[in-house]
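Trainee: Listed below are the residues making up each chain.
Protein chains: 2
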Amino acid sequence: MSLRDARVAIVGMGLMGGSLAAALKASQACREVIGIARRANSISMALTFGFIDRGFLDLAEGVADADLVVLCTPVRDILAKINTIGPLLKPGCVLLDIGSTKKAICEAMTSMPVHVEPVGGHPMCGKESSGLNVAEAGLYRGRVFVLIPLERTSPQAQALASELVTAIGARELRLDPEHHDRVVAVISHLPYMLAVTLVNAAFGLAGEDPTPWRLAANGFRDTSRVAAGDLAMMMDIVSTNREPILAGVRGALRELGEIEQLLISGDDDALLTRLRAARQHRREVFP
Amino acid sequence: MSLRDARVAIVGMGLMGGSLAAALKASQACREVIGIARRANSISMALTFGFIDRGFLDLAEGVADADLVVLCTPVRDILAKINTIGPLLKPGCVLLDIGSTKKAICEAMTSMPVHVEPVGGHPMCGKESSGLNVAEAGLYRGRVFVLIPLERTSPQAQALASELVTAIGARELRLDPEHHDRVVAVISHLPYMLAVTLVNAAFGLAGEDPTPWRLAANGFRDTSRVAAGDLAMMMDIVSTNREPILAGVRGALRELGEIEQLLISGDDDALLTRLRAARQHRREVFP
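Chains A and B, in that order, are what the protein sequence lines are. Converting from the first sequence to my numbering requires adding 24 to each position, the first position being numbered 1. Converting from the second sequence to my numbering requires adding 24 to each position, the first position being numbered 1.
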């Protein structure tokens with residue numbers, strides 16, 4: 025089946041699910057976009073925005089005739105749904121998720137009924153704010169979308185997932201789940217932990233003095249931005265990616281500890297070497 | 025003397041000096057804007073951009089008839105100039121600087137000849153890129169501009185410095201030098217050290233694997249941004265603000281060490297409390 029003929033059901037009408045629906049509708053890439061949410065208000069909003077063709081509060085009803093179901097809820101909810109949604113899906117239905125960690129999810133997917141075609145996914149995008157009201161069709165455009173087919177996933181099912189990635193303007197990258205989780209620990213979860221570290225350390229150092237917050241400029245704002253993100257999402261990530269995050273935190277503790285020692289010893293040449301390395305690396309990644 | 029009647033000489037035609045010149049010209053706030061730079065190319069560029077009325081390569085010539093001189097070079101160069109520029113200035117000349125740390129500079133200012141009126145300054149703005157080609161009249165608009173008059177600074181000289189701050193659209197805040205340096209260590213220098221920590225730790229963890237840099241998204245980009253900043257400027261800051269920066273780094277090591285322990289122990293409730301505190305603090309500072 026090609027995407028053009030497919031009914032796509034999106035479970036979760038938040039920022040990610042809403043934006044996915046919007047992107048599919050904007051590109052007229054599939055036969056129908058179905059939205060499933062817990063709250064009636066989300067469905068009516070998504071209908072008003074023109075993001076979906078039909079909306080359901082009941083999961084079984086919503087996914088009943090879908091050819092492709094995309095789980096767009098936090099990781100622990102995705103895990104719960106993977107364990108229960110199988111019997112609700114029609115034979116050959118492709119089940120994609122967009123959870124932030126992949127090892128636990130792909131492991132759970134291996135136990136799904138054989139008539140279902142599971143594929144893990146993770147689009148590398150998001151926003152500081154969450155919710156359907158900030159969803160937009162362009163959210164995925166130009167971004168990497170990791171796809172992780174299981175061994176059991178048929179070439180046809182993989183092709184349908186790839187088509188969806190292309191249709192929303194994203195760039196597909198295939199990884200294995202463990203590799204994915206190690207990588208996102210470094211480039212996504214560690215930045216979060218360091219942003220939290222910055223904010224809490226700064227508040228600890230400032231004490232009752234309000235002056236720092238009157239002076240806080242772009243540097244503090246950008247370095248701390250991700251600390252304002254969604255807590256439930258991050259705790260789901262922690263619970264499913266603890267060891268790689270811990271490795272990241274330990275790497276940062278080593279690096280920061282060495283900076284501390286250089287500040288104490290006054291070896292400014294060695295400190296400069298370290299700052300220069302970071303500057304060059306950063307400029308390689310974001311020219 | 026009011027700013028309207030003043031000849032303002034700006035020493036250093038980089039991002040900050042160029043933007044200051046541009047802002048003064050754009051608001052027609054003073055009698056004349058004089059630019060002083062080491063390279064002839066900077067002078068001709070500043071003239072072409074309409075940022076200055078006259079330009080000089082020679083410091084003595086450039087500041088000879090100035091009523092207000094603003095030092096817009098890195099901290100160590102400002103310190104060197106404070107020790108030598110006095111005899112070049114006419115009686116009553118106000119000498120302002122915009123260096124990133126203030127204790128060492130304000131101490132050096134106390135030894136200037138008595139015919140000079142020194143005032144320490146620090147505008148809380150900047151850009152990732154440096155240089156005259158990214159200068160803009162709006163750089164200071166709406167930003168806090170710290171002013172630190174010395175005990176010897178006359179009310180008239182303080183008023184002229186205040187007028188300049190207002191003319192470029194900035195908001196004046198008076199602090200003492202030690203307080204300023206402690207505050208910027210927390211909200212500016214610590215973010216830099218944590219950005220360096222993130223980049224170097226991430227590269228250490230990634231090793232030869234290029235995948236992280238293909239996946240690096242907004243979170244990594246923003247949290248690491250300041251690590252791409254100017255190295256010479258940062259080393260000047262380190263050398264003149266070592267103890268407050270060290271206190272910041274130690275605060276961050278404590279906080280990150282506690283996050284490590286919570287990840288190990290699996291006490292996710294305590295971790296959530298910590299993440300929630302950071303989120304609330306961040307949202308207070310940047311609503």
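Just to be clear, a hint being listed does not mean it is correct.
[What the hints assert, rightly or not] In silico SDA-like pairs for lysine to any residue, Cα to Cα no more than 25 Å straight-line: (1) B:K151 / A:L197; (2) A:K151 / A:V168; (3) A:K151 / B:N242; (4) B:K127 / A:A241; (5) B:K49 / B:T235; (6) A:K151 / A:S289; (7) B:K151 / A:D101; (8) A:K127 / B:D291; (9) A:K127 / A:D89; (10) A:K127 / B:K151; (11) A:K151 / B:E187; (12) B:K151 / A:L255; (13) B:K151 / A:Q180; (14) A:K151 / A:D89; (15) A:K151 / A:A241; (16) A:K151 / A:D292; (17) A:K114 / A:A88; (18) B:K127 / A:Q180; (19) A:K49 / A:D89; (20) A:K127 / B:A241; (21) A:K151 / B:K127; (22) B:K127 / A:V168; (23) B:K127 / B:H139; (24) A:K49 / A:G228; (25) B:K127 / A:G228; (26) A:K151 / B:H139; (27) A:K127 / A:A241; (28) B:K127 / A:D101; (29) B:K114 / B:R167; (30) A:K127 / A:R195; (31) B:K151 / B:D254; (32) A:K151 / B:D254; (33) A:K127 / A:L81; (34) B:K151 / B:H139.
Worth flagging that the hints you see were computed from the coordinates, not collected in a lab. Fair warning: this is a prediction, and the values are worked out from it, not measured in the lab.
Trainee: All hints, please: hold or fail.
Mentor: Tested hints:
Distance check on the hinted pair: K151 of chain B and L197 of chain A sit about 33 Å apart at the alpha-carbon level, beyond 25 Å; violated. With a C-alpha separation of about 15 Å, the suggested pairing of K151 of chain A with V168 of chain A holds against the 25 Å cut-off. Proposed proximity of K151 of chain A and N242 of chain B is supported: the alpha carbons are some 8 Å apart, at most 25 Å. With a C-alpha separation of about 20 Å, the suggested pairing of K127 of chain B with A241 of chain A holds against the 25 Å cut-off.
With a C-alpha separation of about 48 Å, the suggested pairing of K49 of chain B with T235 of chain B is violated against the 25 Å cut-off. At most 25 Å may separate the alpha-carbon atoms for a hinted pair to count; K151 of chain A and S289 of chain A exceed this at roughly 41 Å. Under the criterion of a C-alpha separation no larger than 25 Å, the hint pairing K151 of chain B with D101 of chain A is inconsistent with the structure, at around 41 Å. Using a Cα cut-off of 25 Å, the hinted pair K127 of chain A and D291 of chain B holds, with the two alpha carbons roughly 21 Å apart.
As the CA atoms of K127 of chain A and D89 of chain A are separated by approximately 28 Å, the hinted pair breaks the 25 Å bound. Between K127 of chain A and K151 of chain B, the direct Cα distance comes to roughly 40 Å. Violation of the 25 Å bound is thereby established for this hinted pair. Of the pairs offered as hints, the one joining K151 of chain A and E187 of chain B is violated, with about 40 Å between alpha carbons and a cut-off of 25 Å exceeded. For the proposed pair K151 of chain B and L255 of chain A, the alpha carbon gap of about 30 Å is over 25 Å, so the pair is violated.
Restraint check for K151 of chain B and Q180 of chain A: the C-alpha separation of about 49 Å exceeds 25 Å, so the hint is violated. Taking the CA atoms of K151 of chain A and D89 of chain A, the gap is near 31 Å; set against the 25 Å cutoff, the hint is violated. For the hint linking K151 of chain A to A241 of chain A, the alpha-carbon distance of about 21 Å falls within 25 Å, and the restraint holds. Using a Cα cut-off of 25 Å, the hinted pair K151 of chain A and D292 of chain A is violated, with the two alpha carbons roughly 38 Å apart.
This hinted pair checks out: K114 of chain A and A88 of chain A have alpha carbons roughly 7 Å apart, not beyond 25 Å. At roughly 68 Å between alpha-carbon atoms, K127 of chain B and Q180 of chain A are farther apart than 25 Å, so this suggested pair is violated. The straight-line distance between the Cα atoms of K49 of chain A and D89 of chain A is roughly 18 Å, inside the 25 Å bound, and the hint therefore holds. As the CA atoms of K127 of chain A and A241 of chain B are separated by approximately 20 Å, the hinted pair is consistent with the 25 Å bound.
Note on K151 of chain A and K127 of chain B: the hinted pairing is violated, with a Cα-Cα distance of about 40 Å set against a maximum of 25 Å. Using a Cα cut-off of 25 Å, the hinted pair K127 of chain B and V168 of chain A is violated, with the two alpha carbons roughly 47 Å apart. Restraint check for K127 of chain B and H139 of chain B: the C-alpha separation of about 22 Å stays at or below 25 Å, so the hint holds. Among the hinted pairs, K49 of chain A with G228 of chain A is inconsistent with the structure: their alpha-carbon atoms are about 48 Å apart, more than 25 Å.
Taken as a hint, the K127 of chain B and G228 of chain A pair is honoured in the structure, with Cα atoms around 23 Å apart against an allowance of 25 Å. For the suggested pair K151 of chain A and H139 of chain B, the alpha carbons sit about 55 Å apart, so the restraint of at most 25 Å is broken. Restraint check: the Cα-Cα separation between K127 of chain A and A241 of chain A comes to about 38 Å, which exceeds 25 Å; the hinted pair is violated. Between K127 of chain B and D101 of chain A the alpha-carbon distance is near 53 Å, which puts this suggested pair outside the 25 Å criterion.
At roughly 31 Å between alpha-carbon atoms, K114 of chain B and R167 of chain B are farther apart than 25 Å, so this suggested pair is violated. Note on K127 of chain A and R195 of chain A: the hinted pairing holds, with a Cα-Cα distance of about 21 Å set against a maximum of 25 Å. About 10 Å separates the Cα atoms of K151 of chain B and D254 of chain B, which keeps this hinted pair within 25 Å; it holds. Proximity of K151 of chain A to D254 of chain B is assessed by CA-CA distance (about 28 Å); at most 25 Å being required, the pair is judged violated.
For the hint linking K127 of chain A to L81 of chain A, the alpha-carbon distance of about 29 Å lies beyond 25 Å, and the restraint is violated. Between the alpha carbons of K151 of chain B and H139 of chain B the distance comes to roughly 35 Å, so the proposed pair goes past 25 Å and is violated.
Of the numbered hints given earlier, the model fails hints 1, 5, 6, 7, 9, 10, 11, 12, 13, 14, 16, 18, 21, 22, 24, 26, 27, 28, 29, 32, 33, 34; all others are met.
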